[in-house]
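When the letters of the sequence shown are read in order and numbered with mature numbering (1 follows the signal peptide of the UniProt record, and there is no 0), they come out as residues -31 to -1, 1 to 227.
What the hints contain is simulated information worked out from the structure, not anything from laboratory work.
You may find that some hints are simply not true.
Between beta-carbon pairs, the in silico distance windows are [claimed, not checked]:
#, residue 1, residue 2, range
1, G41, P179, 42 to 50 Å
2, N78, G103, 21 to 29 Å
3, V91, R25, 44 to 52 Å
4, E32, D148, 31 to 39 Å
5, D72, R25, 16 to 24 Å
6, E45, V91, 19 to 27 Å
7, E172, E83, 18 to 26 Å
8, P179, A98, 16 to 24 Å
9, E32, G103, 31 to 39 Å
10, R44, N96, 24 to 32 Å
11, L143, L105, 32 to 40 Å
12, D82, G41, 38 to 46 Å
Glycine included, each C-beta is placed from N, C-alpha and C at the ideal position.
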Amino acid sequence: MMVLEVSAAPGTVGLMALLMVLLTSVVQGRATPENYVFQGRQECYAFNGTQRYLERYIYNREEFVRFDSDVGEFREVTELGRPDAEYWNSQKDLLEEMRAVVDTMCRYNYELDEAVTLQRRVQPRVNIAPSKKGPLQHHNLLVCHVTDFYPGSIQVRWFLNGQEETTGVVSTNLIRNGDWTFQILVMLEMTPQQGDVYTCQVEHPSLDSPVTVEWKAQSDSARSKTLTGAGGFVLGLIICGVGIFMHRRRKKVQRGSV
């Protein structure tokens, strides 16, 4: 459901309502208060392709009369609003004008805002990290951080070696980033074993297919060997490249001397 709410200064109808309230106080022998709060509120509701318009009048924090586009006329909320509702419902031109507002204001503004809000899509960024550094076979918390996505509807699931994990999963509520995007943290309690593969899978309206990010459980020694192997491979490529460069350079020098 999408809601557009406007707190408006009293127009003609609102001023009439205010005068009616004050006159009612006088007729009933009650003193007119020196200080009071009068509000006119215009609200648009969009739900499943339908639009609804409410115009509410509130005196000292108590609503007393309203117009509801679903009903098509004014209705009193308290006895204080009965004279207003009866009078306004007798004004055919006013009723026609009020019935049109659901299209001229609600539907019109909804279509303008739809491209910015309902059709807007921003893809999430996904990262995985353990909450603390620790050895294998010790209890830990694996955190899947999903951020910078819009809209807020999102599904985050955990998998261990291809099987979905449903126990030990804890999630925060949606967190607003303040720039029309959201973030969420979904944690998995785990006791990692050597070779375990944990996967965070994210489904979101902006994605054609789910995004998956893996985290592999490795001992410190295995991680060191992996890093050493990767470093050695890169170093080998550098040495090989330098050798090829020097070989070609020598050939050019030899050709020049001939």
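Status of each hint after checking the structure:
For the hinted restraint 42 to 50 Å between G41 and P179, the CB-CB distance of approximately 46 Å keeps it satisfied. N78 and G103 have their C-beta atoms about 54 Å apart, which leaves the hinted 21 to 29 Å range violated. Checking the proposed 44 to 52 Å range against V91 and R25 shows it is violated: the Cβ atoms sit about 35 Å from each other. For E32 and D148, the hinted distance range of 31 to 39 Å is satisfied, since their beta carbons lie about 35 Å from each other.
With their beta carbons about 19 Å apart, D72 and R25 fall inside the hinted range of 16 to 24 Å. The hinted window of 19 to 27 Å between E45 and V91 is violated, with their beta carbons roughly 46 Å apart. At roughly 23 Å, the beta-carbon separation of E172 and E83 lies within the given 18 to 26 Å, and the hint holds. Look at P179 against A98: about 20 Å separates their beta carbons, and that is inside 16 to 24 Å.
Look at E32 against G103: about 58 Å separates their beta carbons, and that is not inside 31 to 39 Å. Between R44 and N96 the beta carbons are some 53 Å apart, a value that contradicts the proposed interval 24 to 32 Å. At about 33 Å, the CB distance of L143 to L105 agrees with the hint of 32 to 40 Å. A hinted range of 38 to 46 Å is violated for the C-beta pair D82 and G41, which are about 25 Å apart.
The structure is inconsistent with the numbered hints 2, 3, 6, 9, 10, 12, although it conforms to all the rest.
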